[in-house]
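Asks: Read off the chains here:
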Amino acid sequence: MPKDHGIGAPIRRREDLRFLTGSGRYTDDINLPGQAYVRFLRSDVAHGRIKRLDTSAAAAMDGVIRVFTARDFENVGGLPCGWQITSRDGNPMAEPKHPIMAEGKVRHVGEIIAAVIAETPGQAQDAVEAIEVEIEELPAVIDMAAALEEGAPKVHDDLPSNLCFDWGLVEENREKVDEAIRNAPHVVSLELVNQRLAPNAMEPRVAIGAYDKATDEHTLYTTSQNPHVIRLLMGAFVLGIPEHKLRVVAPDVGGGFGSKIFHYAEEAFCTYAAKVVGRPVKWTSSRSEAFMSDAQGRDHVTKIELALDEEGHFLALRTHTLANMGAYLSTFAPAVPTWLHGTLMAGTYRTPLIYVNVKAVFTNTVPVDAYRGAGRPEATFQLERVIDKAARELGMDPVEIRRKNFINPDQFPYETPVALVYDTGNYHATLEKLEELADFGGFEARRQESAARGRLRGLGVNCYIEACGIAPSNLVGQLGARAGLYDSATVRVNPTGSITVHTGVHSHGQSHETTFPQVIAEMIGIPEDQIEIVHGDTANSPMGMGTYGSRSIAVGGSAMVRATEKIIAKAKKIAAHLLEASEGDIELKDGKFTVKGTDREVAWADVTLAAYVPHNYPLDELEPGLEETSFYDPANFTFPSGAYACEVEVDPETGKVEVCSFVAVDDFGNVINPMVVDGQVHGGLAQGIGQALLEQCVYDENGQLVTASYMDYAMPRADDLPSFTVDHSCQTPCTHNPLGVKGCGEAGAIGSPPTIVNAVIDALQRGGIRVDHIDMPLTPARVWSAIRAAS
Amino acid sequence: MYAFEFVKPKTVEEAVAALRESEAKALAGGQTLIPTLKQRLAAPEKLVSLAGIEALKGIRMGDGVVEIGAGTTHATVARELAGSVPALAALAGDIGDPAVRNRGTIGGSLANNDPSADWPAAVLGTGATVVTDRREIAADDFFQGLFTTALEEDEIITAVRFPIPEAAAYAKFDQPASRFALVGVFVARLGGDVRVAVTGASENGVFRWQEAEAALEADFSPAAVEALAPPPAEEMISDLHGAGDYRAHLVKVMTKRAVAACG
Ligand SMILES: Cc1cc2nc3c(=O)[nH]c(=O)nc-3n(C[C@H](O)[C@H](O)[C@H](O)COP(=O)(O)OP(=O)(O)OC[C@H]3O[C@@H](n4cnc5c(N)ncnc54)[C@H](O)[C@@H]3O)c2cc1C
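One line per chain: the protein sequences are H and Y, in this order.
For the first sequence, the working numbering gives the first residue as 1, with consecutive numbering after it.
For the second sequence, the working numbering gives the first residue as 1, with consecutive numbering after it.
Please keep in mind that the hints were generated in silico from the structure rather than gathered at the bench.
C-beta atoms are modelled at their ideal positions from N, C-alpha and C, and glycine is treated no differently.
Take these hints with a grain of salt, some might be off.
A short list of chain H residues far from chain Y (calculated; beta carbon distances all over 12 Å) [what the hints assert, rightly or not]: (1) Ile7; (2) Pro10; (3) Pro160; (4) Gly395; (5) Asn405; (6) Thr594; (7) Gly655; (8) Asp700; (9) Arg766; (10) Pro777.
Not everything, but these chain Y residues come out facing chain H in the computed CB check (under 10 Å) [what the hints assert, rightly or not]: (11) Arg40; (12) Leu151; (13) Glu155; (14) Arg179; (15) His241; (16) Asp245.
For reference, chain H alone in the conformation it holds in the complex (with noise of 0.2 Å):
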């Protein structure tokens, strides 16, 4: 019997009544008296010079309120850039300003060059339609390593090249790598590209900006994951508004996968200008708009060698990449192809020796920033299909190469030599779980008979590990980092028991308001629906650094399991005042403070009561109230890992590939509600598959986005997806946290695309077609394009 309530319980989702009736507020929901609308002018061409812009003839349209070019924001600071990476020569990367409208010239398509607000959306657009601009256009650079050729048109003239920083990790480590892959028996490489992708969101990005004349305060209401990181990068580096004139909320968000992590010129618009024309000023985003607009993942192009010995060990790791930035920096960009990226190396191995080179290029093209995984899958992907083809090339057996070079269970914790200490694991036993689900046994038997109907059957395995729950602070300073990672909890314990939790993370599909009362409920005894989580407003709840990076429960969590700690402790104090016993006597179960070895014993909501009604308290020791706050930073990382399988089907006349079946087993430490666990695997897996076999963005070399619908940009529908099997029982609990967590929202991404592209390349060379690689996505026309040339 599974529990039904606390911690492990697969209790239904309180969220789903209201998104599943309608009844989310979401931003686009709310509407504030007097509100106008902002319509955005932007660029067509990917990179050009602004030779003419004028505003008078659309100043002067219908309903039109105000017309906003660059030089309105002649006094506003550009957009930050939240992270600085150091290049192998010590010099900091390159950062050119990121303005809120393009200044003199226009670095990417959908980059915005001015602004109406009018009256109604509609004559707004009208009006942008009526602004005279004249661009001339420059060449573009779209291809990264056309861009860092000499001689390659600028993307900012005043910076000495397209290169934004080239960093390296370890260089103190370059030359042995070097070494002991020139010595090495069999140094196997591949070169492969992970595609750029559009986050896509369910719910697009909107802002309304509105201000208070009467108390000079500012109010954003927007799409976040992070507010009070928007409210400090926007009022503090943009704007200039302190933090008490600034209030920052993000109410229901339809999803975000990195993509509403940042912070937006949009956003900026919108606060900036409520106060500018006096009123409150609402954008939401189209979707053409979103393809433009939204920061875009991944876009790496690597070349990796592994280098091992006769009997199959990996003796050293040596990786290339260019990592694509896009015209400007956004706020996290620099991070994720190097410190959520390089340091993910050593994967779940004992390679001894990694080195790891990465250089970022500014390119007209959107900028691109974290996507769900950020940089975790684009360095599995690239180590997963090495290894794939070094078993391949040895002879080996795919499962077989990978459990050799495990990290084993007694050599926790493990340093490897990218920079991260793994407090705990076990990829024997995920693998031996996935062995197990995944009948391998069985598969030939499933080969043969895809055979029969002219298909080529095909498995693939995968064995990942992440980093989750970034951390801890002072670490995350030397590198680079220009904000704080840890989070933050108020628990508010109410008059008569019930509860109200405010957190600094954000839920956008993560379920928070479910899972988190199960830990508190689980502390203390009380059902969960006593509880609630109230998140996503810079006026109610502390500073919190918001959610990405799978590290809701792992940092959040943990915040909130020491606020309640502490007012357990705090009110065993009011027990044993009321029981007349010693403090130490006290103990709390199934919401009841009893004395050790008696029958004496108090309820939670009496203690409560007393608390809030001290006339019977110990006044003089202790205050009244029952409230407290705690913010959590945590010693290190958490790293989930995992063994995943996948088995496909390629039709070898027109290339297509089917995904007959998925098992995932992932190790997430504790796990505190199964279902909606298994809920963020599916999610990250149909990501995953979705980068595989679908998506991508692509430009033409002219800069303009081919894929700017979905006409173009294939996105995962249901039937693309086989039913899957997830599992988390493998537990190793994370050592370094209360609730011994490791975070699972990315996982399902991470893991999936080199389980399916390693499974499609066992299918073909199963089937005689000697192909060691195919770029993702894996569309039947590549595959069939791949075929074609192998045979």
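Fit chain Y with the ligand to the known structure of chain H by using the hints.
Replies: Frame of chain H; chain Y with the ligand shown alone:
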């Protein structure tokens, strides 16, 4: 969307009269036209809704023919012809998603003549007749290249008359993003004739693959198709979903599969 006037006549005559006024456009299911308007890619002064015209709706079975009113939705065709003309029903049932099928109409699809649309393959593949307010147009004359038809500006399709084939099947290979046809092949056997119509593939829109028709008239089997060279790759659409040679190859594969599905 730009502002426009909206009228909803009850008869074809009134609709034609309304269309004659300047810059008017017929509106059927709106599954193509409304997105175009929303993106401000079209700016008609007036929309003439065909939704109120009963004469455009419904399916009539005749002697060896089935006549589908131009205003009949894909969903209705899929449902009502499932037993009698399964190839048409299956084609209609695989267009878009349920919302699209419940609104989109056969008349709208044909008037639009998207090079990747499904209906043109069935109309050309059976040699159907497009009936309008003023004439009857043979399928072979109706389709005139990408988004171009024989229709005059103010002409309204009222129905499509399909001969019921002895055997027919439509084999569609989805474009992965839009799920329109990357290549769709409709094969029909009518008397001694075989027709093979291909959509999605050609730069000139839907076309008949005459080599395959001749080969299949001699030997109606997948093997007969296998022996053929694919149509010329340079005449095929090349885009990010497939180059010309891939589409040409798929024409052959989908033709084989359609023939096999004819049983
Ligand atoms: C998400 C989505 C997926 C789709 N997938 C597919 C697919 O897989 N395969 C496919 O074939 N199609 C697909 N479509 C298109 C769909 O089939 C449309 O319904 C069809 O193309 C247009 O029909 P409509 O009735 O909606 O026409 P409307 O959009 O109303 O009109 C389209 C054009 O036809 C004109 N018109 C309409 N009716 C007549 C008439 N009786 N006489 C003269 N002119 C007329 C209009 O003036 C307009 O120019 C899809 C559409 C969407 C939105």
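Asks: Now, for every hint given, state plainly whether the structure supports it.
Replies: Hints and how they fare:
1. Against the 12 Å criterion, H/Ile7 stays outside the reach of chain Y, whose nearest CB is about 40 Å from its own CB.
2. Taking the minimum C-beta to C-beta distance to chain Y, about 31 Å, the non-interface status of H/Pro10 holds against the 12 Å cut.
3. H/Pro160, annotated as away from the interface, keeps every beta carbon of chain Y farther than 12 Å; the closest lies near 34 Å.
4. A cut-off of 12 Å between C-beta atoms confirms that H/Gly395 is not in contact with chain Y; the least separation is 34 Å.
5. Distance to chain Y confirms H/Asn405 as a non-interface residue, since its nearest Cβ pair spans about 36 Å, more than 12 Å.
6. The beta carbon of H/Thr594 sits about 59 Å from the closest Cβ of chain Y, which is more than 12 Å, so the claim that it is off the interface holds.
7. Look at H/Gly655: its CB is around 8 Å from the nearest CB on chain Y, not clear of 12 Å, so calling it non-interface is violated.
8. The beta carbon of H/Asp700 sits about 9 Å from the closest Cβ of chain Y, which is not more than 12 Å, so the claim that it is off the interface is violated.
9. Residue placement check: H/Arg766 keeps its beta carbon more than 12 Å from all beta carbons of chain Y (closest about 22 Å).
10. The Cβ of H/Pro777 does not lie farther than 12 Å from every Cβ of chain Y; its closest approach is about 8 Å, which violates its non-interface assignment.
11. About 7 Å separates the beta-carbon of Y/Arg40 from the nearest beta-carbon of chain H, less than 10 Å, and the hint is met.
12. Hint status for Y/Leu151: violated, given a least beta-carbon distance of 24 Å to chain H, over 10 Å.
13. Checking Y/Glu155 against chain H: minimum C-beta separation of about 28 Å lies over 10 Å; hint violated.
14. With a least beta-carbon distance of about 8 Å to chain H, the hint placing Y/Arg179 at the interface is held under the 10 Å criterion.
15. Contact between Y/His241 and chain H, as hinted, is supported at the beta carbon level, the nearest pair being about 6 Å apart and thus within 10 Å.
16. Checking Y/Asp245 against chain H by beta carbon gives a least distance of about 8 Å; that is within 10 Å, so the hint holds.
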